[in-house]
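Chemist: With chain X fixed as given, assemble chain S onto it according to the hints.
Keeping their order, the protein sequence lines are chains X and S.
Counting in the working numbering, the first sequence runs from 19 upward without gaps.
Counting in the working numbering, the second sequence runs from 46 upward without gaps.
Careful: at least some of the hints might be erroneous.
[To be verified] Pairs of lysine-lysine, PhoX-like flavour, derived with a Cα cap of 25 Å: (1) K267(X) - K136(S); (2) K232(X) - K417(S); (3) K267(X) - K418(S); (4) K418(S) - K257(X); (5) K443(S) - K257(X); (6) K232(X) - K349(S); (7) K417(S) - K225(X); (8) K225(X) - K418(S).
[What the hints assert, rightly or not] Derived coverage of chain X by chain S (criterion: at least 3 residues anywhere in the stretch with Cβ under 8 Å from a Cβ of chain S; other residues may be distant): (9) 21 to 32; (10) 230 to 238; (11) 246 to 254; (12) 258 to 266; (13) 299 to 308.
If you're looking for bench data, these hints aren't it; they were derived computationally from the structure.
Note that the Cβ used here is the ideal one computed from N, Cα and C, for glycine as well.
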Amino acid sequence: MLRRNIRMRREYLYRKSLEGKERLLYEKKRKIREALQEGKPIPTELRNEEAALRREIDLEDENTAVPRSHIDDEYAHAAEKDPKILLTTSRDPSAPLQQFVKELSFVFPNAQRMNRGGQVISEIIESCRAHDYTDVVLVHEHRGVPDGLIVSHLPYGPTAYFGLLNVVTRHEIKDRKAIGTMPEAYPHLIFDNFSTKLGERTANILKYLFPVPKPDTKRIVTFSNQSDYVSFRHHIYEKHGGPKSIELKEIGPRFELRLYQIKLGTVDQAEAQIEWVIRPYMNTSKKRKFLSD
Amino acid sequence: MAGSTGAGEEALRRLMSTNQPSFLAPNPALSETARAASRHLFSALRPFCPKSPLDQLLVDGFDAEQIWQQIDLQSQPLLSSLRRQVKHFAKNPKEISQLKVVPLGKKVEKEQEEWMEESDGFDEELEDDEEGEEKGEEYGMEIEEEDGDQGGESGSEEESEEEDEEEKGEDGEGGGGGIEDKFLKIDELTKYLEKEEENFENAERDMRGKKDADDEEDTEDEDDHDDEEEEESDEDAEFGFGDEDEEAEDMENARYEDFFGAKKGKYSKKKKAQLHQDSESSDDEDDDMEFKKQNKGTASTHQKQLEKIQSKIEQMEKANLEPKTWTMQGEVTAAKRPKNSALEVDLDFEHNVRPAPVITEEVTASIEDMIKKRITEGHFNDVQRAPKLPSKVPREVKELDDNKSKQGLAEIYEQEYVQKEDPTSAPLSFKDEQKQQASVLFKKLGLKLDALAHFSFAPKPVIEDMSVQINVPALAMEEIAPVAVSDAAMLAPEEVFDGKGDIKEETELTKEERKRRRANKKRKFKAAGVKRTGKKMQEGALPNQVNG
Numbered sequence: 019m020l021r022r023n024i025r026m027r028r029e030y031l032y033r034k035s036l037e038g039k040e041r042l043l044y045e046k047k048r049k050i051r052e053a054l055q056e057g058k059p060i061p062t063e064l065r066n067e068e069a070a071l072r073r074e075i076d077l078e079d080e081n082t083a084v085p086r087s088h089i090d091d092e093y094a095h096a097a098e099k100d101p102k103i104l105l106t107t108s109r110d111p112s113a114p115l116q117q118f119v120k121e122l123s124f125v126f127p128n129a130q131r132m133n134r135g136g137q138v139i140s141e142i143i144e145s146c147r148a149h150d151y152t153d154v155v156l157v158h159e160h161r162g163v164p165d166g167l168i169v170s171h172l173p174y175g176p177t178a179y180f181g182l183l184n185v186v187t188r189h190e191i192k193d194r195k196a197i198g199t200m201p202e203a204y205p206h207l208i209f210d211n212f213s214t215k216l217g218e219r220t221a222n223i224l225k226y227l228f229p230v231p232k233p234d235t236k237r238i239v240t241f242s243n244q245s246d247y248v249s250f251r252h253h254i255y256e257k258h259g260g261p262k263s264i265e266l267k268e269i270g271p272r273f274e275l276r277l278y279q280i281k282l283g284t285v286d287q288a289e290a291q292i293e294w295v296i297r298p299y300m301n302t303s304k305k306r307k308f309l310s311d
Numbered sequence: 046m047a048g049s050t051g052a053g054e055e056a057l058r059r060l061m062s063t064n065q066p067s068f069l070a071p072n073p074a075l076s077e078t079a080r081a082a083s084r085h086l087f088s089a090l091r092p093f094c095p096k097s098p099l100d101q102l103l104v105d106g107f108d109a110e111q112i113w114q115q116i117d118l119q120s121q122p123l124l125s126s127l128r129r130q131v132k133h134f135a136k137n138p139k140e141i142s143q144l145k146v147v148p149l150g151k152k153v154e155k156e157q158e159e160w161m162e163e164s165d166g167f168d169e170e171l172e173d174d175e176e177g178e179e180k181g182e183e184y185g186m187e188i189e190e191e192d193g194d195q196g197g198e199s200g201s202e203e204e205s206e207e208e209d210e211e212e213k214g215e216d217g218e219g220g221g222g223g224i225e226d227k228f229l230k231i232d233e234l235t236k237y238l239e240k241e242e243e244n245f246e247n248a249e250r251d252m253r254g255k256k257d258a259d260d261e262e263d264t265e266d267e268d269d270h271d272d273e274e275e276e277e278s279d280e281d282a283e284f285g286f287g288d289e290d291e292e293a294e295d296m297e298n299a300r301y302e303d304f305f306g307a308k309k310g311k312y313s314k315k316k317k318a319q320l321h322q323d324s325e326s327s328d329d330e331d332d333d334m335e336f337k338k339q340n341k342g343t344a345s346t347h348q349k350q351l352e353k354i355q356s357k358i359e360q361m362e363k364a365n366l367e368p369k370t371w372t373m374q375g376e377v378t379a380a381k382r383p384k385n386s387a388l389e390v391d392l393d394f395e396h397n398v399r400p401a402p403v404i405t406e407e408v409t410a411s412i413e414d415m416i417k418k419r420i421t422e423g424h425f426n427d428v429q430r431a432p433k434l435p436s437k438v439p440r441e442v443k444e445l446d447d448n449k450s451k452q453g454l455a456e457i458y459e460q461e462y463v464q465k466e467d468p469t470s471a472p473l474s475f476k477d478e479q480k481q482q483a484s485v486l487f488k489k490l491g492l493k494l495d496a497l498a499h500f501s502f503a504p505k506p507v508i509e510d511m512s513v514q515i516n517v518p519a520l521a522m523e524e525i526a527p528v529a530v531s532d533a534a535m536l537a538p539e540e541v542f543d544g545k546g547d548i549k550e551e552t553e554l555t556k557e558e559r560k561r562r563r564a565n566k567k568r569k570f571k572a573a574g575v576k577r578t579g580k581k582m583q584e585g586a587l588p589n590q591v592n593g
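Only chain X is shown next, with the shape it has when bound in the complex (with noise of 0.2 Å):
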């Protein structure tokens, strides 16, 4: 298991370091393509290549004439099968935090909640690869009020740090039969405003912690982007009578999310490499958007 695991990261690295070269002969079999098409002459650069180009260009299919890099590895397989979640927190959690990771634990379907106790991380991790599971949410707290959120995806897929604001948790509200009970239909998904690349890369890893949904479900989980600011509502909606009429009915927590980092690696590799870190110190950094336009 051990050797299993060392071979299929270092396949992994190895496949990252041959992106570079994939790229480029992505891009050559690119200008031969278009060339062919516009009738116009092959590029001097690429007339020795030119045939060998032309024939893999003629066995491509749709899955390999697009390059293929690490990240979309990492989610590779993920729409296959239906992802598997464990939920904990930091270390001797108050009340107040169990709660809200209770509630995190219907949020997402398919999602098993699990008490932290003494546990060191790269134990966790390990075990969760072990029994098949996709991804690993922990939830930090200050004082009672949660204000951290790791999202990793396992086999050595990305982690993204978040900080949690205004958060509002179904045990705040003290009509308890107003609220009801929390459906576990899979949820459809909207994601708003999530524009650049960096925006679609965290929509992905959000993405990819849900399964996927009937058609038909009522239950509504959604991701607004404001200015680098993340809102997650979550509703039940009615279609009363015919004329486009919807009510919507808020349920579930609400928080902001607010990206503070990505790493190309699990939570327990502290040496990964940093994707993305938010730089606040910087002069323009106010004037700056990172997950919209």
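Modeler: Same frame as chain X, now just chain S:
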């Protein structure tokens, strides 16, 4: 008024005459009489109380507690004034003799005589201040009890008490007669009293209503009333009508400064009805202020300005000498400033981070609008199931037919031979045959089902098979055709005709064309003849030569 007073006195009389034990049991008639009696007494006392809020004791429908409260309301200020009066009389017994008596008839005068006798008698008896005061105090206390019980139902008992008290009171008032010191001068007192009497008489005539003096049994009451009335009327005279009289004011508001040299101000004399020490002290302050103002008024405006500036300069110099506040001290660590002082000061520095969004109603509403729009469009960012790539090519499965062969062995050989000769006539392979059969069957079935199921059923258009008809005699090819039809009829005219170009009839031809035709025919014949002779020469030329 007379009638009501008569009824009231009647009620009082009845109360007096009832037995003591009868008060123990609740008796509605007795309570009625008691109420009437108390109302009468109340209204009789009413004129003596300047501040009484009630004109009449309200007894209808009120219980004992409420009636008692009303009486209490009237009697409390009355008590205090009476006490004061008594003290006053304790000090100045001679005044009693000069008290103005209400002109209610002979009884009043009789009383006055009585008083005079008593006062004279008692002057000699009692000469001590203390005794007089004691008596006065006793009297005061008794008066309390008396007033306290007046509102109750046992009024009869007290009336006798009142009488006794009155006598005692008279004793007390007369007891202090022999005292005189530098404050109290008897001559002044007599003069004052005479003046007061005059005032009082005038007042009394206005205020006093007609009282019924015929009732003997009410004399006792009247005695009581009169005594009190006189005292009260004295009070009234003092309070209501003595304002303009400065002397009276002085007597009442006698203070230290009046006798032992007033201080600078003159306000104290002018103030009306202020008996408290507070007013006295404020008077002193006012006096001081007056003096200071007079001093400042002497300085000029320029001097005033200079003084102001001087004071400011002093302040600023003092501030400069002291150590500065921590906010002005440049770099300050937490140890050098007081605890939590940085929280109060408005520190100014730039924040380089966009502040966290405050979730208002509008923000929530906008998010919900966006969600609703997405729902109506049906545009969700769900995870899509990726189509699985074919990992292997599906292997060709060879099917073996395990039925017995329908063709005999000779037929099989025959087919193989035909295949060899003519490759086009290859029989269909087993698989294709089955497939074709299946497809034909299914097509038929499908057609029938469509005809049943569809509302607008259009039958499938028949595609005609193109097959070439070969110009072959009937024997060579078996055709499913009617016997009567000949070969010629099977073929189309263009299949029969083997000419070229435009054909013309004999009749259509022109002369030149006929000639041309004949010439062509001759030429051909000659050519053919030459060929024949050529051949004949080759084969055997001798027979032709012999003949010719």
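Chemist: Can you take a look at whether the region 258 to 266 of chain X is actually covered by chain S? Rule is 3+ residues, C-beta closer than 8 Å.
Modeler: holds (count 3)
Chemist: Just to be careful, I want the Cα atoms of K225(X) and K418(S) compared with a cutoff of 25 Å; is the pair within it?
Modeler: holds (20 Å)
Chemist: Counting residues of the region 299 to 308 of chain X whose CB is closer than 8 Å to a CB in chain S, do you get three or more?
Modeler: Answer holds; 5 residues pass the 8 Å Cβ test.
Chemist: Within 25 Å, alpha carbon to alpha carbon, are K418(S) and K257(X)?
Modeler: holds (13 Å)
Chemist: Would you mind confirming whether the straight-line C-alpha gap from K267(X) to K136(S) stays at or under 25 Å?
Modeler: Violated: K267(X) and K136(S) sit about 91 Å apart, past 25 Å.
Chemist: Please verify whether K417(S) and K225(X) have alpha carbons no more than 25 Å apart.
Modeler: holds (20 Å)
Chemist: Can you take a look at whether the region 246 to 254 of chain X is actually covered by chain S? Rule is 3+ residues, C-beta closer than 8 Å.
Modeler: It holds, with 5 qualifying residues against the three required.
Chemist: Taking only the CA atoms, is the gap from K232(X) to K417(S) under or equal to 25 Å?
Modeler: Satisfied, since the Cα-Cα distance of roughly 19 Å is no more than 25 Å.
Chemist: Measure nothing beyond the straight line between the CA atoms of K232(X) and K349(S); if it is 25 Å or shorter, mark the hint as holding.
Modeler: Outside the cut-off at roughly 91 Å; violated.
Chemist: Has the given pair, K443(S) with K257(X), been kept, meaning a C-alpha gap of at most 25 Å?
Modeler: violated (56 Å)
Chemist: Quickly compare the C-alpha distance for K267(X) and K418(S) to 25 Å and report which way the hint goes.
Modeler: Holds: K267(X) and K418(S) sit about 15 Å apart, inside 25 Å.
Chemist: Quick check: the region 21 to 32 of chain X, covered by chain S? Criterion 3+ residues, Cβ under 8 Å.
Modeler: As far as the region 21 to 32 of chain X goes, the hint is violated, because 0 residues have Cβ atoms under 8 Å from chain S.
Checked against the numbered hints above, the structure breaks hints 1, 5, 6, 9 and satisfies the rest.
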